[in-house]
Amino acid sequence: MDGIINLSIGQVAVAYIFVLVVIAIVRIRGINKEKEIIISSVRMTLQLVLTGYVLVYVFKNPSPFITIGIIILMEAFSIYTIYKKFRGKLSKSLKRVIAISTSVGTLSCLIYFLFIVVRISPWYTPQYFVPIAGMFIGNSMTGISLGVKSLIEGMSTQKSLIEEALILGATPKNASKTIINSTFDAAIMPTVNSMLGMGIVFLPGMMTGQILSGTSPTTAIAYQIAIMFGIFGTVALSVIILLQLGYRTFFNSQSQLN
Amino acid sequence: MFEFKDVKFKNIIDVPKLQIEEKRITTLVGTSGSGKTTILKMLNKLISPTYGKILYKGKNLHNIDSVLHRREVLMLTQNPAIFDGSIRDNLNAGLIFQGKRLMNDGVLKETLDKVKLNKDLDIPANTLSGGEKQRLALARILILNPSVYLLDEPSSALDDETEDVLIQMLIQYARKDRKTIVMVTHSKAVANKYSDVIIEISEGKVKKEAG
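Protein chains in written order, with this note's numbering: chain A, 1 to 258; chain B, 259 to 469.
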């Protein structure tokens, strides 16, 4: 088969049958989830259509300001999403740590990936910058969310063990060591698992997209491998920064639990 | 050794003046909720006064490194937390936290004997009973050999006979090695039998000092 099959609006609409089937099943089984399913389906459609138009404009009019603006917007949105998810549970200092770990972790890996690995030119080329930043920031957001959840839970459920360690003369870092390690595991595991299953259990979205749009599978695979390492590095770096700075927010300057 | 100057902690503690002498056995007595444990925690620097200051060897405790202070002034809490792992892991925990060399099994066994806990070092510590855990926790701080012991109801989970043997052992050890002990107890009998100084705490205030 040559070229790409363009999907018409009608064809996309036919894909909605999946949603309708699920809604029917949910209704028959008496699971009260129809509203969520409809809202998320419609929202996803609208968001993607809007993003499509924005990207068409951005790709046609490449500008360093627009690229940087989009990256700032993505970073801000991902940080805001994490804040919203943990509303009422984050201290001011932990919020600051989340913002620092998300932005430093993703930006440093993004810069390395785009300028040293892919070597894009001009440096602000939106076709590369925007989707790759999206993948890095999105994955780091998931990693940080898992990390924050595990850190907060660990610090609260294991409070007596941390206090005992402090009593026995541990530094706050040593006292939180078990929690820091298990948090790193919890945050990094989804990325490691997805690397394990990739290519056998499933074909990753980016690679599928490239293959569907006519790129040769070998090129798509080369990109996918590089991207996966990039994502792995970004998630790991963001989570490491989160943990290195995050555990401290649970202690005061006198090495006492807050 | 410790000197309280106008110390307040929230509305729990209000001690304008209090001295705790070095190399002596001081006992804090009082009803539950009177603030004894809070005082002990302040001496360990697990918490700090919200007003006033505590001097340790003439220096403001606030300016002393908390971690180093806790290594010198160790506390045994009323319900000490036991770490995952074996009895050996628990005995070594403090040494690891303090970056000290681990003890060989002979020394560990000897310490367990001191607290009358005749158990194998490889047994998972979480399988011990409440009283056994408390003795393990006591052994854990004995190994660290601090200069001050802060003991919060060291006998709460023990029967009377074990309580007496253990406290006697500790007191003997403290006197021989010239250690300081600050002990919280609800038992006036224990206080009268072993203390050099008895301080009675009531509603966060020092009611009476005797010694």
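Heads up, a few of these hints could be off.
[Unchecked claim] Computed list of lysine to any residue pairs in SDA-like fashion (alpha-carbon distance at most 20 Å, straight line): (1) Lys173/A / Ile322/B; (2) Lys434/B / Asp422/B; (3) Lys311/B / Pro122/A; (4) Lys159/A / Tyr309/B; (5) Lys177/A / Lys315/B; (6) Lys177/A / Asp435/B; (7) Lys299/B / Lys85/A; (8) Lys173/A / Lys85/A; (9) Lys92/A / Asn252/A; (10) Lys268/B / Phe251/A; (11) Lys159/A / Lys299/B; (12) Lys437/B / Lys268/B; (13) Lys85/A / Pro190/A; (14) Lys159/A / Lys391/B; (15) Lys60/A / Ile152/A; (16) Lys268/B / Gln254/A; (17) Lys317/B / Ser253/A; (18) Lys311/B / Glu279/B; (19) Lys299/B / Ser253/A; (20) Lys315/B / Asp435/B; (21) Lys374/B / Lys358/B; (22) Lys299/B / Asn258/A; (23) Lys311/B / Lys60/A; (24) Lys268/B / Ser253/A; (25) Lys358/B / Lys60/A; (26) Lys268/B / Arg329/B; (27) Lys177/A / Lys463/B.
[To be verified] Sample of chain B residues at the chain A side, in silico, Cβ under 8 Å: (28) Ser306; (29) Thr308; (30) Arg328; (31) Arg329; (32) Ala351; (33) Gly352.
In case anyone wonders, no lab produced these hints; they're calculated from the structure. Being a predicted model, the structure only gives us computed values, none of them experimental. In this text, a Cβ means the ideal position worked out from N, Cα and C, and glycines have one as well.
Hint by hint, here is what the structure shows:
Distance check on the hinted pair: lysine 173/A and isoleucine 322/B sit about 19 Å apart at the alpha-carbon level, within 20 Å; holds. Between the alpha carbons of lysine 434/B and aspartate 422/B the distance comes to roughly 18 Å, so the proposed pair stays at or under 20 Å and holds. Under the criterion of a C-alpha separation no larger than 20 Å, the hint pairing lysine 311/B with proline 122/A is inconsistent with the structure, at around 63 Å. Between lysine 159/A and tyrosine 309/B the CA atoms are separated by roughly 25 Å; this puts the pair beyond 20 Å, and the hint is violated.
As the CA atoms of lysine 177/A and lysine 315/B are separated by approximately 32 Å, the hinted pair breaks the 20 Å bound. A hinted pair counts as satisfied when its Cα atoms are at most 20 Å apart, and lysine 177/A with aspartate 435/B does not qualify at roughly 34 Å. About 36 Å separates the Cα atoms of lysine 299/B and lysine 85/A, which puts this hinted pair outside 20 Å; it is violated. A C-alpha spacing of about 26 Å is found between lysine 173/A and lysine 85/A, which places the hinted pair above 20 Å, so the restraint is violated.
This hinted pair checks out: lysine 92/A and asparagine 252/A have alpha carbons roughly 13 Å apart, not beyond 20 Å. With a CA separation close to 19 Å, the supplied pair lysine 268/B and phenylalanine 251/A stays within the 20 Å bound. For the suggested pair lysine 159/A and lysine 299/B, the alpha carbons sit about 16 Å apart, so the restraint of at most 20 Å is met. Restraint check: the Cα-Cα separation between lysine 437/B and lysine 268/B comes to about 31 Å, which exceeds 20 Å; the hinted pair is violated.
With a C-alpha separation of about 19 Å, the suggested pairing of lysine 85/A with proline 190/A holds against the 20 Å cut-off. Proximity of lysine 159/A to lysine 391/B is assessed by CA-CA distance (about 18 Å); at most 20 Å being required, the pair is judged to hold. At roughly 45 Å between alpha-carbon atoms, lysine 60/A and isoleucine 152/A are farther apart than 20 Å, so this suggested pair is violated. Of the pairs offered as hints, the one joining lysine 268/B and glutamine 254/A holds, with about 17 Å between alpha carbons and a cut-off of 20 Å not exceeded.
Between the alpha carbons of lysine 317/B and serine 253/A the distance comes to roughly 18 Å, so the proposed pair stays at or under 20 Å and holds. For a cut-off of 20 Å, the pair hint linking lysine 311/B to glutamate 279/B stands: about 17 Å separates their Cα positions. For the hint linking lysine 299/B to serine 253/A, the alpha-carbon distance of about 17 Å falls within 20 Å, and the restraint holds. Taken as a hint, the lysine 315/B and aspartate 435/B pair is honoured in the structure, with Cα atoms around 19 Å apart against an allowance of 20 Å.
At roughly 25 Å between alpha-carbon atoms, lysine 374/B and lysine 358/B are farther apart than 20 Å, so this suggested pair is violated. Between lysine 299/B and asparagine 258/A the alpha-carbon distance is near 14 Å, which keeps this suggested pair within the 20 Å criterion. Straight-line distance between C-alpha atoms of lysine 311/B and lysine 60/A comes to about 68 Å, which puts the hinted pair past the 20 Å bound. For a cut-off of 20 Å, the pair hint linking lysine 268/B to serine 253/A stands: about 19 Å separates their Cα positions.
Pair hint lysine 358/B plus lysine 60/A does not hold up; C-alpha atoms about 64 Å apart against a cutoff of 20 Å. With a CA separation close to 26 Å, the supplied pair lysine 268/B and arginine 329/B exceeds the 20 Å bound. Only pairs whose Cα atoms come within 20 Å are accepted, and lysine 177/A paired with lysine 463/B is rejected, the gap being roughly 38 Å. A cut of 8 Å between beta carbons decides the hint on serine 306/B: the least distance to chain A is about 6 Å, and the hint holds.
With a cut of 8 Å, the hint placing threonine 308/B at the interface with chain A is violated, because the nearest CB-to-CB distance is about 12 Å. Because the closest C-beta pair between arginine 328/B and chain A is about 5 Å apart, less than 8 Å, the hint holds. The criterion of a C-beta within 8 Å of any C-beta in chain A is met by arginine 329/B, whose closest approach is roughly 4 Å, and the hint holds. The interface hint given for alanine 351/B holds, since its Cβ lies 6 Å from the closest Cβ of chain A, which is under the 8 Å cut-off.
With a least beta-carbon distance of about 4 Å to chain A, the hint placing glycine 352/B at the interface is held under the 8 Å criterion.
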